[in-house]
Structures are given as structure tokens and as C-alpha cells.
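Chains as they are written, first to last, in the numbering used here: chain A, 1 to 333; chain L, 1001 to 1333.
Take these hints with a grain of salt, some might be off.
Here are a few chain A residues that face chain L, going by a calculated C-beta distance under 10 Å [said to hold, decoys possible]: (1) Asp7; (2) Pro8; (3) Arg12; (4) Ile174; (5) Gln208; (6) Ala226; (7) Thr303; (8) Phe308; (9) Ala331.
Rather than coming from a laboratory, the hints here were simulated on the basis of the structure. Computed from a prediction, not measured in an experiment: that's the story for all the values here. The beta carbon of each residue, even a glycine, is placed where N, CA and C say it ideally should be.
2 protein chains.
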Amino acid sequence: MPELRKDPILGRWIIISQERSKRPTDFIVEESTSSGGFCPLCPGNEKTTPAEVFVYGREEGLPPNSAGWQVRVVPNKFPALVIEGELEKSGEGLYDRMNGIGAHEVIIESPDHEDRFAYLDPSRMHLVFRAYRNRIRDLARDRRFSYVMVFKNYGRAAGASLEHPHSQLVALPILPRMVISELDGALSYYRYKDRCIYCDIIRQELQQDIRVVCRNDLFIALTPFAPRTPFEMWIMPRRHSSSFTDQSDESLERLVEIFSESLRRLDACIAGVPYNFVLHTQPLRSQPLDHYHWHFEIVPKLTSIAGFEWGSGFYINPMPPEDTCRYLKEALI
Amino acid sequence: MPELRKDPILGRWIIISQERSKRPTDFIVEESTSSGGFCPLCPGNEKTTPAEVFVYGREEGLPPNSAGWQVRVVPNKFPALVIEGELEKSGEGLYDRMNGIGAHEVIIESPDHEDRFAYLDPSRMHLVFRAYRNRIRDLARDRRFSYVMVFKNYGRAAGASLEHPHSQLVALPILPRMVISELDGALSYYRYKDRCIYCDIIRQELQQDIRVVCRNDLFIALTPFAPRTPFEMWIMPRRHSSSFTDQSDESLERLVEIFSESLRRLDACIAGVPYNFVLHTQPLRSQPLDHYHWHFEIVPKLTSIAGFEWGSGFYINPMPPEDTCRYLKEALI
Chain A
1 MPELRKDPIL GRWIIISQER SKRPTDFIVE ESTSSGGFCP LCPGNEKTTP
51 AEVFVYGREE GLPPNSAGWQ VRVVPNKFPA LVIEGELEKS GEGLYDRMNG
101 IGAHEVIIES PDHEDRFAYL DPSRMHLVFR AYRNRIRDLA RDRRFSYVMV
151 FKNYGRAAGA SLEHPHSQLV ALPILPRMVI SELDGALSYY RYKDRCIYCD
201 IIRQELQQDI RVVCRNDLFI ALTPFAPRTP FEMWIMPRRH SSSFTDQSDE
251 SLERLVEIFS ESLRRLDACI AGVPYNFVLH TQPLRSQPLD HYHWHFEIVP
301 KLTSIAGFEW GSGFYINPMP PEDTCRYLKE ALI
Chain L
1001 MPELRKDPIL GRWIIISQER SKRPTDFIVE ESTSSGGFCP LCPGNEKTTP
1051 AEVFVYGREE GLPPNSAGWQ VRVVPNKFPA LVIEGELEKS GEGLYDRMNG
1101 IGAHEVIIES PDHEDRFAYL DPSRMHLVFR AYRNRIRDLA RDRRFSYVMV
1151 FKNYGRAAGA SLEHPHSQLV ALPILPRMVI SELDGALSYY RYKDRCIYCD
1201 IIRQELQQDI RVVCRNDLFI ALTPFAPRTP FEMWIMPRRH SSSFTDQSDE
1251 SLERLVEIFS ESLRRLDACI AGVPYNFVLH TQPLRSQPLD HYHWHFEIVP
1301 KLTSIAGFEW GSGFYINPMP PEDTCRYLKE ALI
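Take the sequences, apply the hints, and build the full model.
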């Protein structure tokens, strides 16, 4: 059973998850993404994954865990947290721990091994976003969970261990520190100004128009004022909303336009660049929040995190977001 | 001139530092550590670095920036922050920025290109620690600076761009967020318990004796209860002290024993493993603090930071610190 442990000074939680009993030297082998060999996420290999929890597009009458699907969600075979059991909290002197209850799922974005998220057919990307929404809504009913983190690792350098297009979600029994900081920061601003800080950012960005990558009537993609890496992008709904799960199908269609344009522009600037994206949304079962605004953050893997960043939480970025925005806008797609 | 920018929601500062005008595709080339070629840090090449700010061991009568030194400190040729100028703060709508005033120095740990920090002669490692102490004391007199971050990147995967043994320091005009969180966390505990949390950790660790890697009468090395990565280690003074610069020469001698034993044990477990270490000490010109305790954190580069970690500030660690501690203690050195 995995275990959650809290750093007593910073309040940072970590997950101790021993997939297999590793020896120290096992860590030096860089895991490469499976290429050419057997792919457990490809159609026909459905039986090699844990049983699916959700699927789009399988023809009626066909049994679960058979081929013929469009988007498929399965539990992670090597989960960081496990779904069975009661949540148990305990102390050890001044330390705190919790057993590792949670969910860890894989959203398989396409049956086609060669597909890439940026170039998915719009109707398929729409299904992926609807699958995110569906899974978050479903997991919210489990009262052991406080938050669902949806994210994608694309490329080996960004942490992907499988090549087949997929994203992941982790349902957590506690609010992650980063989410708490974001909620707290946004709340302080709201208390001071009586306005959502993200809404104010969008207003200022549209007016300045030096960091807006693309937009439609419902969404905006921008390079944030203080990015951690070159080409970091945020995608936000233009109308205030604190929860991704409140989005309608129509709204998610408009999100697809902006998301795929942004990623294609990124790919046109730096072909094949590895990246992570993370959905930031409100905690599960929360009322709509006036001070918080859901969004995606896309972080390309271009600079390495070294001692300075570890120690300070301070990032050194070699290119201003105004420049990366210009490159992104000029890119031919 | 580099620029500091603040994320308006999280309060996280980043440095925009354009060393050269890069184009997007310049980022894909992984910089490798210079190997075999010209080394600007080797003796005889002193003129290729900016003029030294501090040196140990050069024979009397020899001019500055000549060979014959033991430990040498020079400004970084490609600094993240620059030393000249007045600190200027400005706003841009709801955003905050500051010009990039600071110091960025390189501590060259040995004239021998092949030396490695873990295997430095004790008298030489002692000089390195004394150089850290000396530089922090000196930079503290510059009232533009609030903090000096001392760190080492060892190995390319940990961010080192030069092979020659060296560490770095950055003097900052603001307190980094991580330092603030650590000070705040330690202060909350102190207010509640009237004791330093680090002193309590040391007491509990000595009593439990399952995470203590090594110790002498003045220092202790342990694998922390909630480590971010396998083989993370903290080195702490056993007697309460909030500032590294208050350490005597004798105390630093005893630090050398524990530091080099810890790193050699790490190297015996995973030969050549890349790592970062960071000195955590109190802000410049602060009075001694009852609630804070200086220490070093050593973080091996073994796991990759992927989307989940970016989004949550939550680390997944595949090996418990009790296991890594056992491996470290059993290692033959």
C-alpha cells in the first residue's frame, strides 16, 4: 500500500509508492518510452490493462474491454495511489502520514498509436475533454477524495513512459499545496479588489495584446507574465468559471479550437518539444467560487531544474513571454 | 539587464535572463558538460573568467588571477543577475517587476579538473565551506540583498554545464518563496511548542535511529521523513543555530567529516549519481532566530519532474527513506 507523508516544516505531502522493490542501482537506467515493441494501450491489447472504467465510441453490443473504442479510460497498472480501503491517518512522533488511498487513471486519447494530442481530430479531442469532465464528476462522488488532478506528460523528457497518446488523472485525499497556494493567492486578491484576479489578467492581456497567443469568443491562450519556462502557456475561459466540470459540450468544443491551435503553434516553433499540461480547477464538491478561475497550464520541458530552483522555488527563464508569444503567433500552422 | 517578475497569484518570482538572443530552436540542443575541451576554470586560464573576488592558497607575491590557488571565487560569466545598478521596482497594471540586481558567483573548489566534491581532501573541502561563509558575510554588507543562496549542481542531469568541480551562489534582492515557507512553517511550530522543529526532528531521529545515515558530536546526516526523491539527505548541526555564517572554523571541520561521508556513501550506492545540494540559512542581517535551524539539503537527480509534480507540488518517491538509509549505511566506503 502506498503511503502519503507530510514534510513537517513546509506542509508538503509526498507519496511513497514502491511499485516494485527496487535496488539503488535500478534508478540509473533512464526509462525510455516504449517504441516499436508491444503497446498495452493499442486496440486488441485491452486485456493487458486493468478493466476500463469509462469508454467513448464502442459499438453497441460489443463487450467491455474489446476493441472498437474512440477514447478509453483505465486504472493505471502501476498506480501511485490505490482505490481500495479506508483512509487512515496516523502520527509518528512529530510526523504525519496517511495510507495511500486515491485513484490513478489513464485516459487513452486515441486508438491510433501514432496520433499526437496537438493533431487529434477536433471531434476526438472533444471526447477527451468530455472524458476528463466525466471522470472528475464521477470521482467527486467518492467522499474520500478532495481533488482530481488531470495532467498530460508528452515525451520522455517530460516524464511519459508510454508513447501511445494518453493523459492521466490522480484523485487525492488531500488538497495539494500548489492548489492551496493558488486558492489562497486568488482569495487575497478578491478580498482586496472584489474581483477575480484571473478575470483581471484576461482584461489586461486583451488590452495590452503582447502576450495573447490566440483566442475565440469563449477562450484565450496567453504566455503568462511570469513564466517558469520559455513557451509556457495558459488557456483560460474568458467568462468567469471556477470549475471545469461546469463546462457545456458546446464550451468544450470552443476549448478544442484554442487548445489545438496553441499546441500546434508550439510544435511549429519547436518540433516535437516535450511538455506537460495540468488542469487547474476547484476542489471537489466545492460551491462555485467567485475568486477562482479554472484553466490549463502548459509547460514545455526546455530548461532543467537545478539546485537554484530546488532551493528557492525561483525559476530562471532565458526568454521573455512577449518574445515567445511573438514566435508563437508568427509560426506557420 | 535581467528582470525579476512576480506571478500575481502565487507570489512566485522568476528571473528573465536573456544570456544571448536565443531563437526557439536553440532550446532543443541539450547542453553537455564540457569534456575534454578547453576549461575556463582550470589553472592557467584565470584570465578567461571575470576577475576573482576571493581566493585561498595563492602564494604571497603572486598577482591576482594567476595560477597557484586552492579555492577561487569569480563572478559567473553568464550571470542570472547583475551586480551594478540601483534596485528599481515597478508595476505594469496588476503585475510587478524589479530589475535584476544581484550577484552570481562561482566557487571553484579545486585547481584539479578531475577532483570531485565527495572525494576532496578534507582540508580543501574545509576551504570551500570557509569560502561560502566568507562570501555570504561579505555580500551581507550590501543592503540591496536579502538572501544568499549557495548551491551545487553536480552532473549534467542536475544542471551542471561545466565539469570542473565548482559550486555557485546567488545573492537576491528578495526572499525566495521557499525560504519564506520554511521560515513560516518553522515559526508556526515554535509558537505552538516553544521549541525549534529542527531540534525536535534531530531528537526524534536519534531516538528512532532508522533514518540517521551518520553523525559526529556536532553534525548529523539523515534521510528526511518525507523526501522528494530517493536518497535525499539533510545535514544539520546538532546544536541549535540559525546561521551558517556563525560557524567556527572548528565546527566547519566537523561538518566536512559528515558531508564527505554522506556523499561517499551516496556514490557507493549509485556511482556517479548527479545531485544538487542547497544551503538553507537565515536571511542576511537577521538576528539569530530561535525557530530556524540552518542545514544542507542534498537531492539526487533520480526521478523526473512530470506533470503531476508541476501541478501539485506533490512528489512521488518510489523508495522510503528508511530503505535508502539502510543502503547508505551498508555501503562500503
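Against the structure, the hints come out as follows:
1. Asp7: Hint on aspartate 7 of chain A: holds, closest Cβ of chain L at ~4 Å, below 10 Å.
2. Pro8: holds (6 Å)
3. Arg12: holds (6 Å)
4. Ile174: holds (9 Å)
5. Gln208: This interface hint holds because 7 Å falls under the 10 Å limit.
6. Ala226: OK, holds: alanine 226 of chain A within 10 Å of chain L, min 4 Å.
7. Thr303: Because about 8 Å separates threonine 303 of chain A from the closest Cβ in chain L, which is inside the 10 Å limit, the hint holds.
8. Phe308: holds (6 Å)
9. Ala331: Interface hint status for alanine 331 of chain A: holds (9 Å vs cutoff 10 Å).
When held up to the earlier numbered hints, the structure conflicts with none and fits them all.
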